[in-house]
Amino acid sequence: MTLQRPATLADDNLQRLVSRVPSTSGGTWKLTEVYTGEVLVELPQSTPGDIADAFVRSREAQAQWSQWPLKKRLKVFKRFHTLVVDAQDQIADLIQAESGKNRRMAVEETCDIPMVVAHYLKRAPKLLADKQHAGPIPVISGSTEIRQPKGVVGIIAPWNFPFATSISDAIPALVAGNGVVMKPDNKTALSGLYGVELLEKAGLPAGLMQVVCGEGPDVGPTLIDNANYVMFTGSTATGRVVGERAGRNLIGCCLELGGKNPMIVLPDADLDDVVKASLFAAFGNTGQICMHIERMFIHDSLYDDFRRRFVAETEAMVIGASYDYTPELGSLVSVDHMERVRSHVDDAVAKGATVLTGGHPLPDVGPAFFAPTILEGVTPDMLTGSCETFGPVVALHRYTDVDEAIRLANDTDYGLNASVWGTDLDAAMAVARRIEAGNVNINDILATAYASKGTPSGGVKQSGVGARHGDQGLLKYTDCQNVGVLKKQVMGPQPGQDYSAYAKSMRTSLKIMRRLPF
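Last residue of the sequence shown? That's 523 in our numbering, and every number before it is there in order.
Possibly wrong hints are sitting among the right ones.
Said to hold, decoys possible - Derived CB-CB ranges, DEER-like:
(1) Met434 <-> Thr362: 28 to 36 Å
(2) Glu409 <-> Met434: 33 to 41 Å
(3) Thr331 <-> Met434: 37 to 45 Å
(4) Lys80 <-> Asp406: 21 to 29 Å
Claimed, not checked - In silico EDC-like links for lysine to aspartate or glutamate, alpha-carbon gap of 20 Å or less:
(5) Lys76 <-> Glu205
(6) Lys136 <-> Glu150
(7) Lys76 <-> Asp135
(8) Lys155 <-> Asp135
What the hints contain is simulated information worked out from the structure, not anything from laboratory work.
Every residue gets a Cβ at the ideal spot worked out from N, C-alpha and C, and that includes glycine.
Please build the complete structure, drawing on both the sequences and the hints.
Here it is in structure tokens:
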């Protein structure tokens with residue numbers, strides 16, 4: 006397949022990026038352009054020794070970085086914010102080449118980093134400032150809460166949003182005074198490497214943020230064993246492995262995992278809005294979003310009209326391999342993943358589901374393209390009925406009672422995201438509160454919740470542990486040091502005081518303490 010590549014993807018640019026990866030083995034990974042399957046660059050692969058050395062270099066730089074005044078550290082991120090915004094086209098080129106997504110999604114992905122930076126530029130000074138608390142004895146005792154960086158954070162980033170997740174997760178860790186060793190997916194390492202290059206151009210000390218590459222089972226254990234904290238985004242199965250190893254090492258971790266996300270359309274919903282939003286819900290990023298919708302529950306009064314219009318709009322989507330803004334749908338990330346998505350659809354059809362549109366690969370467009378697919382009659386015994394498909398596949402379900410819709414929405418091991426549509430916002434909020442998900446969007450799919458950087462975003466049930474964004478998204482990368490000060494030695498019986506008298510005074514003090522305003 007012949008495709009005109011942007012100048013950003015010139016060999017010298019790509020070689021410069023991959024030269025950052027430490028590798029003493031000489032082994033490489035053939036990083037391909039997803040649209041064509043052609044090799045873009047040979048990505049060096051890191052050995053366990055390379056990874057251990059990367060942590061040593063990051064720790065050396067972190068010892069100095071952590072001593073920089075916060076105001077000085079934040080100046081780096083102010084400059085970085087500008088660099089990312091100005092380099093949007095170059096970043097989008099890399100994202101498209103390595104992941105296969107359409108340009109609209111690639112450009113939107115670049116927006117996440119400036120939003121995260123802007124939030125923590127404003128919030129970090131308050132979060133990281135020392136905080137004074139009352140001590141056990143008023144006036145003569147007190148406690149200071151001090152936030153200390155954990156050391157070096159290990160970040161294991163996914164392939165579906167390779168730039169946004171790798172760099173956005175690193176930002177609060179770095180702001181807090183940590184070093185970072187990041188492992189991107191081999192398939193999508195280029196955009197994250199470029200992000201580190203921009204960080205250093207903005208003034209981040211060289212060596213503070215390291216990038217190591219390799220297949221998960223080969224490099225993951227060494228990364229976790231050397232880290233002081235781990236941030237992982239990926240599948241629930243791998244998340245269990247990461248969490249178990251972190252637990253054995255007695256270090257904390259944050260796990261953003263899979264989802265089988267539901268959408269409930271209430272009977273008073275604006276169907277025009279719902280149909281338009283459903284295209285992104287099911288097919289945004291070709292269905293490769295942890296928070297995208299795989300199950301749609303439509304009220305009986307709207308179902309037939311919705312189905313007709315949704316199928317028609319889906320069949321009208323522009324699908325293509327291009328570095329311009331024309332395609333509305335891009336490729337899946339790899340042929341292997343495309344085959345996995347196809348297996349889910351084939352399994353559903355074999356067990357009685359109906360394909361309303363799509364359901365097949367599009368080899369004439371590109372090796373990993375798959376038609377946007379709408380299914381009906383999906384049941385829990387089907388792979389796509391209970392497992393995360395992570396592709397452009399969605400199942401439609403009819404319901405008559407809201408309680409039934411909520412029960413079905415919650416009938417999953419996952420709990421990452423949900424969407425509720427209705428014009429009565431109080432009623433929609435009442436439904437949202439009953440859904441077992443870490444994020445719920447009313448009259449939106451996922452962006453409103455996820456882009457609210459002041460609010461933590463994470464999953465419940467098998468969708469994760471911890472959260473990114475909000476105060477929690479920065480404080481998780483710190484240890485809380487409690488420094489207590491006693492100005493006068495009054496703890497315990499005073500000279501000449503017997504213990505029974507002291508015990509009585511303690512009881513009196515406890516009664517008074519409950520009434521104090523501090």
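Against the structure, the hints:
no., hint, verdict
1, Met434 <-> Thr362: 28 to 36 Å, "holds, 33 Å"
2, Glu409 <-> Met434: 33 to 41 Å, "violated, 19 Å"
3, Thr331 <-> Met434: 37 to 45 Å, "holds, 39 Å"
4, Lys80 <-> Asp406: 21 to 29 Å, "violated, 56 Å"
5, Lys76 <-> Glu205, "holds, 17 Å"
6, Lys136 <-> Glu150, "holds, 5 Å"
7, Lys76 <-> Asp135, "holds, 15 Å"
8, Lys155 <-> Asp135, "holds, 16 Å"
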